[in-house]
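J.: Read off the chains here:
Number of protein chains: 2
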Amino acid sequence: MKYCSQCGAKVELRIPEGDTLPRYVCNACRTIHYSNPKLVVGCIPEWEDKILLCKRAIEPRQGLWTLPAGFLENDETTVEGAARETFEETLSKVEVTDLYALFNLPHINQVYVMFRGNLLGLDFGPTPESEVVELYVEKDIPWDRIAFPVIEQTLKLYFQDKNRGEFSIHTGDIVRLPGNGRKYKVKLHSNR
Amino acid sequence: MKYCSQCGAKVELRIPEGDTLPRYVCNACRTIHYSNPKLVVGCIPEWEDKILLCKRAIEPRQGLWTLPAGFLENDETTVEGAARETFEETLSKVEVTDLYALFNLPHINQVYVMFRGNLLGLDFGPTPESEVVELYVEKDIPWDRIAFPVIEQTLKLYFQDKNRGEFSIHTGDIVRLPGNGRKYKVKLHSNR
Chain H
742 MKYCSQCGAK VELRIPEGDT LPRYVCNACR TIHYSNPKLV VGCIPEWEDK
792 ILLCKRAIEP RQGLWTLPAG FLENDETTVE GAARETFEET LSKVEVTDLY
842 ALFNLPHINQ VYVMFRGNLL GLDFGPTPES EVVELYVEKD IPWDRIAFPV
892 IEQTLKLYFQ DKNRGEFSIH TGDIVRLPGN GRKYKVKLHS NR
Chain F
742 MKYCSQCGAK VELRIPEGDT LPRYVCNACR TIHYSNPKLV VGCIPEWEDK
792 ILLCKRAIEP RQGLWTLPAG FLENDETTVE GAARETFEET LSKVEVTDLY
842 ALFNLPHINQ VYVMFRGNLL GLDFGPTPES EVVELYVEKD IPWDRIAFPV
892 IEQTLKLYFQ DKNRGEFSIH TGDIVRLPGN GRKYKVKLHS NR
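Which chain is which? The protein sequence lines are H and F, in order.
Numbered per the working numbering, the first sequence spans residues 742 to 933.
Numbered per the working numbering, the second sequence spans residues 742 to 933.
So that you can see chain H by itself, here it is in the shape it has in the complex (with noise of 0.2 Å):
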């Protein structure tokens, strides 16, 4: 941020009076304008033994794996951003059911609240986001070419809830390490 975008003045970098971290604050008209973490949502949308994978038409990480997912929008809720999401990546309509999952990702800023649903028909396919757009079951998954460590995560979780018949929910951090390599460090948190 170079200028106020309510004044168009220049701004400046500093901690305002009361505060403990440094803000960009306008001296013209005294807005003190604060940038916050994004909320992502998305969904796991199932299928019989089946969850709905798309394969990214755009960067990043175009021509690998995810599960719908993207900024919450204002005036919306986290359910509807969920299923507006899905919908958006993959043509199909779910009835979004329980929340899943809770990941810290602080590195880049961001929150990922995931959630399961019901696929509501087989209508799905391609989308400027998504080059395709199929269901697997688990054995199919293709785990060395997921896009995200979170959505590698979501769906390890999972499988392993669905494994012992029993879904909880879930909380951690995923952290980017120092360095050129891409990598993550994972850290589950145990709800009591």
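Please note that a few of the clues may not be correct.
Identical chains blur together in the list; that is why a pair holds if it fits in one copy or across any two.
Taking lysine to aspartate or glutamate and the EDC-like style, the derived pairs with C-alpha atoms no more than 16 Å apart in a straight line are [as the list claims (entries may be wrong)]:
id, residue 1, residue 2
1, Lys928, Glu821
2, Lys928, Asp839
3, Lys928, Glu817
4, Lys779, Glu814
5, Lys897, Glu907
6, Lys779, Glu817
7, Lys779, Asp816
8, Lys928, Asp914
9, Lys903, Asp790
10, Lys880, Asp790
11, Lys897, Asp914
12, Lys903, Glu879
13, Lys791, Glu879
Derived by calculation from the structure, the hints in this document are not laboratory data.
Based on these hints, arrange chain F on the given structure of chain H.
T.: Frame of chain H; chain F shown alone:
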């Protein structure tokens, strides 16, 4: 938003190509400015059969009671944010334990994520945000003087769960009804 925070030119509200919602777009430098809901993280600090409440020293809802909660900051996890807010508003140290509730407040573009936490000691006291900080047993909770519906709902569920001897994770929507009154509709989701 009136001016581009990147280049200082005037912005225009329109639907960008390939998008479905209006955004503030800069026709000079081509930046698209997104606005998304914010995450509020908070804690129910527990000590024996009591929980810690704060009497608000500032607006909104000055003089009414709440649980420690506030906006998640960049570079922190929801658990870290809940502990930080608890310290800032009560001077107490907590070990944040379980995820307890996720509430959508779409009318103000907020999502609340509330945790339970163990108070690590009895060092707590007033702060710039809380004129009184006090431990409460259930029968003494000032139910008619709770600051926010989302906090009232969280406390209700908490004592219901506590009295039946089992805590679960709750999700739901709390939406302000049209009109001048402070009237809200609470819709709880039932996880399977």
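J.: Now look at each hint and say whether the structure bears it out.
T.: Hints and how they fare:
1. Lys928 <-> Glu821: Between copies only: 14 Å across chains, 28 Å inside a chain, cut-off 16 Å.
2. Lys928 <-> Asp839: between (22 Å within a copy, 14 Å between copies)
3. Lys928 <-> Glu817: between (29 Å within a copy, 14 Å between copies)
4. Lys779 <-> Glu814: Answer is both: 10 Å inside a copy and 10 Å across each meet the 16 Å cutoff.
5. Lys897 <-> Glu907: within (14 Å within a copy, 27 Å between copies)
6. Lys779 <-> Glu817: Close inside one copy (14 Å) and across copies (12 Å); limit 16 Å.
7. Lys779 <-> Asp816: This pair counts as both: shortest intra-copy Cα distance 14 Å, inter-copy 11 Å.
8. Lys928 <-> Asp914: within (5 Å within a copy, 29 Å between copies)
9. Lys903 <-> Asp790: within (9 Å within a copy, 36 Å between copies)
10. Lys880 <-> Asp790: within (11 Å within a copy, 48 Å between copies)
11. Lys897 <-> Asp914: Within. Shortest intra-copy distance 15 Å satisfies the 16 Å Cα cut-off; inter-copy 29 Å does not.
12. Lys903 <-> Glu879: within (10 Å within a copy, 38 Å between copies)
13. Lys791 <-> Glu879: within (7 Å within a copy, 45 Å between copies)
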